[in-house]
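Make a model of the complete structure from these sequences and hints.
If you're matching them up, the sequences are chains W and G in order. First residue of the first sequence: 1, per our numbering; consecutive thereafter. First residue of the second sequence: 1, per our numbering; consecutive thereafter.
Just so you know, these hints were derived from the structure itself, not from any lab. Bear in mind the structure is a predicted one, so any value in this text is a computation, not a measurement. Careful: at least some of the hints might be erroneous.
[Claimed, not checked] As a list, the in silico DSBU-like pairs of lysine-lysine whose alpha-carbon atoms are at most 35 Å apart:
1) G/Lys57 with W/Lys19
2) G/Lys68 with W/Lys9
3) W/Lys22 with W/Lys9
4) G/Lys42 with W/Lys22
5) G/Lys58 with W/Lys18
6) G/Lys68 with W/Lys22
7) W/Lys38 with W/Lys22
8) W/Lys9 with G/Lys42
[To be verified] Selected chain W positions facing chain G (Cβ under 7 Å, derived; list incomplete):
9) Pro42
10) Ser50
11) Ser55
12) Glu102
Where is the CB? At the ideal position from N, CA and C, for every residue including glycine.
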Amino acid sequence: DTEVTQTPKHLVMGMTNKKSLKCEQHMGHRAMYWYKQKAKKPPELMFVYSYEKLSINESVPSRFSPECPNSSLLNLHLHALQPEDSALYLCASSLEGGSYTEAFFGQGTRLTVV
Amino acid sequence: GENVEQHPSTLSVQEGDSAVIKCTYSDSASNYFPWYKQELGKRPQLIIDIRSNVGEKKDQRIAVTLNKTAKHFSLHITETQPEDSAVYFCAATTGNQFYFGTGTSLTVIP
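Encoded structure:
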């Protein structure tokens, strides 16, 4: 199984809503990532979890809250988002960090904030 | 942190011609350089990668070269086909995160 599965595929939420994005992999990868991607732009790193511990937070606003319940799951909790947060949110995983190891991406969640 | 630059931003080639995309990086500690292809509305997918202890790698019509001294690496696609049309991202890693280039939108004209 070389899949990273993200749910939901599409999400529309109001600025006062609370929602969560979910990501799952069963490849035994110990590093998991959240990226944000705007149209025609490269993926922009948000968070990195390594061995279920948050290792990198790229100065992301607190309205985005990551969680890693176990080695296979990664969540991104959303609260009080702004319209400019509308983007494709990609989850990725790699065997162990970035050195010499491919990052596998999920299909992404297309988020629209209204 | 690492800074990855990618050129050109757009590239159009005739079917059957070759396409070359170039990237430079700033951190000499970067040791792994993957290339991702992203079709419209889809996830980035790895097409080829190269490690810092290798100068060149080839996989059928796709090749990547790395010049560690000059800190640049390139993607070469030969005999291009319409299905090669997509956005291509280079990346560099120093450890626990991937730094992406700005992307190249490749169009192969039948």
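Going through the hints against the structure:
1. G/Lys57 with W/Lys19: Since the Cα atoms of G/Lys57 and W/Lys19 sit roughly 43 Å apart, the hinted pair is violated (cutoff 35 Å).
2. G/Lys68 with W/Lys9: Roughly 39 Å separates the two Cα atoms, so the pair is violated.
3. W/Lys22 with W/Lys9: Holds. W/Lys22 to W/Lys9 sits at ~10 Å (cutoff 35 Å).
4. G/Lys42 with W/Lys22: holds (17 Å)
5. G/Lys58 with W/Lys18: violated (47 Å)
6. G/Lys68 with W/Lys22: violated (38 Å)
7. W/Lys38 with W/Lys22: Status holds; Cα separation ~19 Å.
8. W/Lys9 with G/Lys42: Distance of about 11 Å is within 35 Å: holds.
9. Pro42: holds (4 Å)
10. Ser50: With Cβ-Cβ at 6 Å, under 7 Å, it holds.
11. Ser55: Constraint on W/Ser55 satisfied, holds at 6 Å.
12. Glu102: Holds: closest Cβ of chain G sits about 5 Å from W/Glu102, inside 7 Å.
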